[in-house]
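Visitor: Listed here are the chains, written in short residue letters.
Protein chains: 4
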Amino acid sequence: MIKVSIVGGTGYTAGELLRILLRHPNVHIESVISSTSAGTPVAEMHRDLMGETDLVFTDRFHQPDVIFLCLGHGLSRSFLQENDLPATCRVIDLGNDFRNEPVFGDREFVFGLCELNREQIRSCHNVANPGCFATSILLGLLPLAAHSLLRDEVHVHAITGSTGAGKRPGETTHFSYRDGNISVYKAFTHQHLEEIRRTLASAASIGPATKKVNPENVLNAGNSGNQASIDLPVINFVPMRGDFTRGIFASLYTRWNGTMSETEAIQLFKSYYEPSPFVFVSDQPISLKEVVNTNKALLHVGFHNGYIHITSIIDNLLKGASGQAVQNMNLMFGLDEATGLQLKGSAF
Amino acid sequence: MIKVSIVGGTGYTAGELLRILLRHPNVHIESVISSTSAGTPVAEMHRDLMGETDLVFTDRFHQPDVIFLCLGHGLSRSFLQENDLPATCRVIDLGNDFRNEPVFGDREFVFGLCELNREQIRSCHNVANPGCFATSILLGLLPLAAHSLLRDEVHVHAITGSTGAGKRPGETTHFSYRDGNISVYKAFTHQHLEEIRRTLASAASIGPATKKVNPENVLNAGNSGNQASIDLPVINFVPMRGDFTRGIFASLYTRWNGTMSETEAIQLFKSYYEPSPFVFVSDQPISLKEVVNTNKALLHVGFHNGYIHITSIIDNLLKGASGQAVQNMNLMFGLDEATGLQLKGSAF
Amino acid sequence: MIKVSIVGGTGYTAGELLRILLRHPNVHIESVISSTSAGTPVAEMHRDLMGETDLVFTDRFHQPDVIFLCLGHGLSRSFLQENDLPATCRVIDLGNDFRNEPVFGDREFVFGLCELNREQIRSCHNVANPGCFATSILLGLLPLAAHSLLRDEVHVHAITGSTGAGKRPGETTHFSYRDGNISVYKAFTHQHLEEIRRTLASAASIGPATKKVNPENVLNAGNSGNQASIDLPVINFVPMRGDFTRGIFASLYTRWNGTMSETEAIQLFKSYYEPSPFVFVSDQPISLKEVVNTNKALLHVGFHNGYIHITSIIDNLLKGASGQAVQNMNLMFGLDEATGLQLKGSAF
Amino acid sequence: MIKVSIVGGTGYTAGELLRILLRHPNVHIESVISSTSAGTPVAEMHRDLMGETDLVFTDRFHQPDVIFLCLGHGLSRSFLQENDLPATCRVIDLGNDFRNEPVFGDREFVFGLCELNREQIRSCHNVANPGCFATSILLGLLPLAAHSLLRDEVHVHAITGSTGAGKRPGETTHFSYRDGNISVYKAFTHQHLEEIRRTLASAASIGPATKKVNPENVLNAGNSGNQASIDLPVINFVPMRGDFTRGIFASLYTRWNGTMSETEAIQLFKSYYEPSPFVFVSDQPISLKEVVNTNKALLHVGFHNGYIHITSIIDNLLKGASGQAVQNMNLMFGLDEATGLQLKGSAF
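Residue numbers (my numbering), protein chains in the order written: chain A, 1 to 348; chain B, 1 to 348; chain C, 1 to 348; chain D, 1 to 348.
Since the hints were derived computationally from the structure, they do not count as laboratory data. A few of these clues could be false.
Below 27 Å or equal to it, Euclidean Cα-Cα: the simulated DSS-like pairs (lysine-lysine) are [stated by the list, open to error]:
| no. | chain 1 | residue 1 | chain 2 | residue 2 |
| --- | --- | --- | --- | --- |
| 1 | D | K186 | D | K167 |
| 2 | C | K270 | B | K186 |
| 3 | A | K186 | D | K167 |
| 4 | A | K167 | A | K186 |
| 5 | C | K167 | C | K186 |
| 6 | C | K186 | B | K270 |
| 7 | B | K186 | A | K186 |
| 8 | C | K167 | D | K270 |
| 9 | D | K270 | C | K186 |
| 10 | B | K186 | B | K167 |
| 11 | D | K186 | C | K186 |
| 12 | A | K167 | B | K167 |
| 13 | B | K270 | A | K167 |
| 14 | D | K186 | A | K270 |
These figures come from a predicted structure and were not determined experimentally.
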């Protein structure tokens with residue numbers, strides 16, 4: 001059994017990790033760390049876990065094989081500074097501290113987008129789990145980037161559920177404000193843009209996933225890499241706040257000058273994700289709830305006005321956070337990638 | 001023009017007052033008081049008022065004819081203590097400070113349920129505006145109480161929108177918690193029970209609204225009254241939190257031993273509310289959105305298992321708060337009760 | 001592997017069965033029957049199943065070990081009349097055809113409320129799966145009935161999600177009508193009342209679950225039984241339509257004259273459900289989403305005004321339909337009751 | 001008093017017209033036509049109108065001064081063919097029959113976007129009321145088009161409430177489907193694109209609204225016009241279905257090569273809408289509910305990545321349909337444009 005510790009245990013992503021890992025056949029949850037709630041039963045905070053666990057929040061971990069960091073952005077780095085983790089303990093960071101600055105002391109973080117970096121992740125000790133918007137957008141663009149078909153700027157609108165904003169209540173997560181409401185925030189400036197750009201460069205340098213990959217190149221490309229030589233287009237990204245709790249719906253398009261036919265392009269997407277157990281290309285249009293409460297991503301591809309138009313949907317807390325984190329853990333520990341992640345969707 | 005001052009101007013009920021009073025033909029808003037936001041344009045806080053007003057929050061009022069107190073419960077009393085209002089200035093308190101303890105210095109407060117105390121309100125200087133749950137429940141019971149038909153205990157479930165919980169964000173108003181969720185709170189102990197009991201006693205002592213009323217009796221009954229002699233049944237009240245923003249849906253029933261027929265009973269309800277421009281008895285079942293964004297109340301009456309079953313709906317911010325407050329103001333200043341309150345419902 | 005056939009495969013409860021059974025370790029889905037959609041891939045109708053199954057709707061079954069009937073009410077009986085099922089094929093009916101009239105030819109149906117009839121279900125061939133409202137209300141009352149503590153009438157309000165109304169679009173399931181809306185329907189006359197009454201009588205005759213039970217008596221009590229001698233109180237039940245998709249929140253109370261203390265009463269509930277893997281008694285108040293997308297039921301018990309007040313929550317499509325149906329299947333085939341039903345809740 | 005007839009009286013836009021016109025000081029509703037519901041009280045269908053009107057649906061009109069056509073698209077033309085309207089009777093069509101083909105017999109229709117065609121509308125007899133998406137997008141682009149600043153393609157995502165899909169229930173308006181869901185439809189091909197293009201050409205030929213306009217030119221430009229000479233950019237428009245009932249949120253951007261400063265550009269928007277009582281340019285970001293249940297439109301303008309980014313919000317049933325129709329009526333009958341349209345917003 002993999003001994004797991006979860007740090008920052010009272011938040012949304014920690015709750016989702018618990019919901020998954022309590023049912024994971026290869027995991028023993030050793031500790032759920034919360035400095036503020038130590039001593040409180042976990043099921044008192046995550047009320048839906050009643051009857052499923054006797055775990056109690058604690059303020060210390062013991063000898064975990066892997067530690068999940070579910071901390072506010074910026075706090076993962078502090079945690080590693082203040083805690084002397086054994087070198088053997090793997091780290092999966094759900095924050096954004098190491099996505100773009102992947103080195104911390106001896107630890108080098110791989111960007112944990114399984115569909116791109118599957119092989120690297122299998123052999124690495126530290127994963128920077130991707131952001132939720134980044135995941136939904138990247139899954140829509142990776143096949144294009146890998147085949148050098150991403151040459152013109154990209155136009156993205158993506159709408160997110162309220163859980164993306166975290167547990168702390170505030171003006172824009174107040175029910176009276178948010179219900180039936182739509183708004184735009186951080187237009188063209190969202191902090192996930194950097195990891196999107198870095199990762200597209202990495203995908204472009206790696207090429208089609210079916211190609212034999214030189215891991216050394218991949219690592220460089222993904223992390224500290226020589227992207228300079230790749231001429232990446234601008235990503236115009238308008239994030240929107242939706243009046244639902246779970247999920248991201250991304251709609252994106254870019255100029256389509258391809259010499260290949262539309263059918264071939266769609267086939268290219270399907271081939272690219274063939275090895276991926278959670279990403280599917282739908283021939284019919286998709287709607288967000290088809291993935292809610294699952295670790296799946298669905299894509300749909302169309303062609304209009306000289307553009308290729310891709311819609312991409314994920315559950316922001318699962319494929320966009322805790323589900324993907326477990327998928328990374330599975331890879332790191334040599335398990336089947338999908339172990340414990342065959343979740344029943346809520347559908348409605 | 002009636003010169004109005006609104007105290008506690010940044011909250012939900014103040015916002016609703018502004019939305020009504022800016023369109024009221026007989027009102028001039030003299031000041032909108034907020035100690036924390038003085039100097040800020042009102043439309044920066046109540047963003048939907050953009051283009052409708054140049055008012056700026058201030059921390060002082062001048063010579064209002066009437067002052068609306070939109071303060072947290074308990075703070076109205078403090079406000080009156082700390083501010084030396086001219087004796088001529090009328091007061092309408094939207095909090096609960098004077099509903100059950102209606103005397104403050106020289107000021108005596110009438111319980112501002114227009115359908116019961118219309119005549120008193122016309123001649124009074126101070127109104128304690130009823131609570132939202134109290135309004136919805138009382139409108140369902142007044143005709144029974146007035147005809148001495150309320151003899152056995154009452155069973156009430158009522159579900160409220162999130163705006164009833166005010167503007168301050170918290171756990172149970174967080175969108176991620178509340179969306180798609182239902183819960184019970186303060187079961188059998190809600191603070192509105194006292195004003196419900198007091199008012200039913202008052203209604204019982206007044207009798208049918210069409211009877212000639214001795215105002216002296218009414219005042220006593222309504223406020224400091226001789227309810228002791230009236231044997232009032234228990235109100236079993238289970239309040240529920242709904243996942244919508246506006247409105248209260250109350251479902252209540254009590255033993256029906258009446259010698260009158262069901263048709264006569266329904267007619268009794270219709271007659272009771274005949275003088276009331278905002279309360280209607282529907283022959284068809286009702287649904288909450290039929291009153292949202294209006295000052296109306298709708299009732300439906302049925303008979304089952306030896307019970308009379310009444311459903312009662314209001315918009316908690318309008319008939320349950322700011323709309324009723326303006327209705328009271330209209331009565332106090334000799335205007336038609338409905339002035340400025342013929343609001344277009346949102347319906348959807 | 002248990003060979004399963006699902007009849008009426010395009011509806012909501014069939015979709016939920018598929019979501020569960022595709023992940024069930026002991027099940028092989030042999031056929032999904034739909035007369036109208038034969039030939040269509042299942043994942044084209046239940047779009048969230050994309051990537052999870054290659055099943056295609058068909059109009060015939062082969063040799064299932066068990067058949068789930070997910071048909072409109074009244075159609076299960078027709079199906080059995082028109083189809084010559086092998087005697088060895090077990091039947092689980094999710095409709096209401098056999099809940100109150102449990103005999104059809106040689107087939108005798110047990111009322112499939114696992115927490116009451118666990119032992120009978122283990123040895124039976126035919127199950128009438130309980131209604132969703134009935135399940136939520138009965139779970140709140142069983143411990144009282146079993147201990148002869150249910151002596152006075154019961155007051156119930158219960159609010160249901162839109163999936164309870166099925167897939168066919170109509171006026172009261174139109175989003176523009178239902179969003180932000182609340183209404184009452186079938187007040188005091190809901191069709192589940194009969195199965196509630198029958199089952200309470202059965203529970204009363206069985207007594208505490210921990211007692212040794214004579215299966216012969218149980219069968220009689222549950223189905224064709226001698227309830228005449230048990231003096232059951234009236235259930236006053238007001239069903240409400242909520243503006244959410246999944247779940248039932250039931251709030252019910254009845255006179256509490258018990259000689260036992262409140263603590264003892266709560267302990268009685270906990271003991272009653274001790275053998276049940278999905279029912280839990282919470283010491284804290286509960287909210288609906290704590291069970292959504294799970295097969296769990298949560299209860300909370302309080303005492304006020306001489307009443308015992310119970311809140312009870314389930315997911316109407318799971319514990320209230322398809323989840324409970326699989327729980328019944330597990331019992332019928334000698335599996336652990338919870339197999340395949342340890343579902344990750346959606347929580348938000 | 002203006003005598004009004006409403007044709008197609010049972011639908012959503014007719015309901016909104018009624019909600020507005022029943023409170024309009026200069027209107028007498030002569031008839032509400034419904035072939036299917038003749039004889040039924042209007043308030044039985046539009047249930048929120050209970051207590052507000054005794055009107056009964058009829059199948060014939062008498063001598064209206066103006067007739068509002070609230071028919072399914074394509075049916076307005078049939079109606080005019082089958083009914084011999086007096087030449088003096090004005091027509092306001094809320095469908096799309098005459099937006100792009102503005103001539104029917106002797107009747108020539110002006111495109112009823114008040115902010116562009118105010119003067120024409122004042123003197124015309126027939127108005128083709130704009131579509132809801134078209135209104136929200138055009139209001140965001142008119143100032144650019146008028147100043148010849150719209151030279152490169154436009155990227156639009158706009159999300160609409162469920163009332164935009166009409167009253168007839170269907171799969172994508174089923175609450176169980178739509179709640180918490182997001183989807184794209186008619187990507188790049190929405191039928192409003194043509195009226196958007198035609199109107200932008202018209203705006204370009206008219207120029208800044210403050211300029212003196214030759215009505216003859218305007219009419220030509222707006223309807224049958226010489227747009228050929230204007231080189232209009234492509235509009236890339238992705239419509240989305242939102243999980244709310246009312247409103248459209250449009251987010252659009254286009255290349256900004258302007259020689260003017262950003263401040264000047266924002267001032268240009270403000271100046272353009274200075275004569276318009278319902279359109280405002282906000283200095284702060286906007287959220288949809290700031291306009292819900294009002295006839296207002298709010299705009300916000302920002303600059304990023306060489307683009308000018310505009311967000312534009314309206315209530316689809318008001319400024320996007322019935323509100324704008326009444327605004328047109330006001331203009332046609334020489335009333336103040338805002339008469340009867342100073343609606344209290346719902347805000348929450």
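Visitor: So which of those numbered hints doesn't the model satisfy?
Guide: Structure breaks hints 3, 7, 8, 9, 11, 13.
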